[in-house]
Amino acid sequence: MPAGKASVSEFREASISEFFEKNRHILGFDSPQKSLFMIVKEALDNSLDACEEHQILPEIWVFMERIEGDEIAVTIEDNGPGIDRKQVPNVFGKLLYGSRFHSFKQSRGQQGIGITAAILYGQITTAKTSGIRTRRAEDDVAYEFDLGINVKENRADIHVEKPVIWDVAHGTRIRITARGKYQVGKQSVLEYIRQSAVANPNASFTLKDPDGKVYEIGRVTEIPSKPARPIKPHPLGLELGDINSMSRNSPAKTVAEFLREDFNRISERVAQEILEAAKVDPAKKPQSLTLPEVKALKEAFLKVRLMPPPTDCLSPLGSEFIRKGLKNVYGENHPSHYAKPVIRPIAVYNGNPFSIEAGLVYGGDLPSDEPVRIVRFANKVPLLYQPGACAITRAVSEMDWRPYGFDQKSGQGVPFGPAIVFIHVYGIRIPFTSESKEAVANVPEIMEEVTLALKALGRGVKSFLGKREKREKIYEKFRLVNTLLPEIGRKSAQILGKDVPDMDAVISKVANVVFITEEFSTNDEGVGVTVKVINYTRKPVSMVVFADPPTGDYDGMDLKWEISDLEPSAEFSGQFFLKGRTPNYPGTNYYFTGIDPVRVQGAEPLPADINTAAVNVMESEEEEA
Amino acid sequence: MTAEDTGRKLSELVSGIYDLIAGGEVPEIMMSSRNRDNIVLDSMTSVWKYGESKVTRSGKTVDGAEYMVKMLYMVDFIKEMLNENKSSTLREMYYISEGWNLGKFSTQDESNLMAEDLEVLSALLREDFKLRPEENGASIIGNITIEEKTRKGEFKKINCKDDVGDGGYSIPYSVENDKLRIKEADADFILAIETGGMFDRLVENGFDDSNRCLLLHLKGQPARSTRRLLKRINEEQNIPVYVFTDGDPWSFRIYASIAYGAIKTAHISDYLAVPTAEFIGVTASDILNYKLPTDVLNDKDVAALNAELKDPRFQSEIWRDEIETMLGIGKKAEQQALAKYGLDYVTSTYLPEKLSQLSGYRW
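Same order as they appear, the protein sequences are chains V and G.
By the numbering used here, the letter at position 330 of the first sequence is numbered 330, and the numbering carries on one by one without gaps.
To convert, count from 1 in the second sequence and add 1000; that's the numbering used here.
Hint data in this document are derived by calculation from the structure and do not stem from the laboratory.
If a hint is listed, it holds; no wrong ones were tucked in.
Below, a list of computed lysine-lysine pairs in the DSSO-like style, where the Cα atoms sit at most 27 Å apart:
no., chain 1, residue 1, chain 2, residue 2
1, G, K1152, G, K1183
2, G, K1054, V, K477
3, V, K498, G, K1060
4, G, K1104, V, K473
5, G, K1354, G, K1291
6, V, K560, V, K473
7, V, K498, G, K1086
8, V, K473, G, K1060
9, V, K498, G, K1130
10, V, K509, G, K1054
11, G, K1104, V, K498
12, G, K1300, G, K1331
Use the sequences and the hints to build the structure in full.
Next comes the structure, spelled out in structure tokens:
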């Protein structure tokens, strides 16, 4: 038998599953440490996506158990909506199957590859099946499956399927046994869960590691995540092949209808313009478009004026989630400052809407002699691997942080300082550097937006540091006139056996201002604040003092004091109470009117917009001039 | 100075502050600035003292006010000791200052500096303040007879050759007449030696006998009492002082503090410095001429040498040559590097050669 013929007979179609079996590193299953991480990640992302879609506050448990040697059983359970039992073989046993695969919207997941790949990885490394248990709210019982994957035919092999009693309203539990290595650190299951908790402050997470150690992160807000809205694809975000296959699968009767119905931002009039420019018959069936005609359409998209894609289709985390999430996870460092989160307006890259939101935690126990920690997110999913290849890290490194109070050698590289920077890139079709979706590609539009967000954060830090320095200076001066100078008078009098001298003249020579300062005490119910106004000048003063406390919960009193004819060296004090626990009371801002600002320390002149300062506006930082 | 006089002088200092406040003025203290740029050669005594430049500590600043508070607490403490006829070490006072609230010192260096500032401000000595340093273990050996007042209050005669062991006579922290009297000495010179190892070598080799000299162990940068004793022997017995140290920038400063007066104690240079003291070595030229084993100068050494080039005390031609030579070769050497040629080399060859080259003038 000729050799050539024998080999031809061995050619056959490889299934996707089979391909994955041989090339599992492409999807991230490339080491025992990372594989364990990938299994948890895939399940966790699915759970959070499903909860978001059904407006459920997520509760997630991850349990790991060492079976023998390096075999670890990973169980991930959620309180999600559950899965129709008929869909279980497809959802878990078939690659490229999923609710998200055909939709055009912002979502966390890997578009139908992830969880099946995880099950397949377990099967390859341990020859064991995986267990699924799921229950929907409308089902009377839960269903339990024991399944493997038939790699040749890309489908599930169901070994067991049986109804079981499960004492939960709804939820899903997956148990995958796989070869893996549990580790802690920057690229670990624990870190993934911690960062997921940053982006999901409305979820609770419990992790039990293979050594039995339990970590819990609680829920800190009861607001469900805002789901993203699926939209039709924008013409400019599509490749030739996309348009071609859309035309083949369209239910539309004519090309004109196809353009109008299947794309975003194409009106009847725009459709006409496109068809004229492309010289395509509007009445033609979309299925019978030739490839040159599709190509002509694609070119025509560029010739007409198209509105940018709608922006309400995206789902940001929002200021409150960012602030609460950061506080929930990084509060253990007792940071002295949470920057106001920055939410950039929506931008467009290649017809795909995207945006950036960012937050920052500063000071406290965070080390100031280490590089700033960058926590990266794409579509609410933490990115732990390949930081160096990521546009986010690159934007951080390419920016000069020195003007904002950070240490940075020659204005390049990751800056040093006691800070954690949170950056979330979200949008439809985020460009990644590889299929494992670990790093955002260096797209100029994204880099630019990230940089603008970082600059806004930097300005926040700078202003915080400036205010802190000013406060410290005022405190120092206050200590000088209130403590040190009187002590010099007292001590020198004591040594000489004379009367303590009157310090007023000396103090007004040194200070010659009106001091505004506060004292506070905290109890279970809140913070009691006493504002003191001391006249260190040599003339009586009159002024109006206003307080702008950091929390909005006053006890009904007007935070405004009219002070008239305060004599030199005399002191005025006013009290107010801030209800609610403020464990790290950052101090109240004071304002004044009715006196020359150069004669006051410890407060600012009353700005014209004092009453609008409290309104929560969406921040859109302008580019710096 | 009696305790009453001391107390009165300190009260005058405090009155200066009190009267300013009582008159409605911001309190301040003015004193000589105690840095390298403000030391000048006193042509009468040939030692370096503080010049005209003054610093003002003002109650207008937090630093100035804190300084005054600390000073007042220290004055109060000293007056208390004067009243109760007690004394304390500088270290004890530093620990006692823990209880001074606003007057608390953060380091012992800070409290030591304050005690020196008080000396400068009051023109008194810290002995008057009942403050003393720790014993530092400097010693002297050779044919000199002294009388030291013992704990029992009697003066005991000690010959520093016959009545002591190989460690020599240990120099007490106070060497004034009420504590120590110099009776007689039979020596052609005093050799003041930086390191214990070299001191022991010269003792073992009997250098004091063979060369009719006194050997004095400086123990690094010499304490005030060590310098004071050198000065007294030099003046009262008319015995010249020669200084023998390692060959590095820090050792040059040891010689400078003996021969010119130290920057930190320039207010009492008259009392401590020996303007005729001569430098034996080890010099940078010795390193080359005797081909001594060396260590490479580190960054701090180089910085110290460069600082010496700007130091008014090191402006003579011979110092500039030596410092620039050392910077040029980038090397330093210890006294004991002379052992390269055998244990007796220093006493049989090096010192005789160097002593014969002495000019009779300070560098």
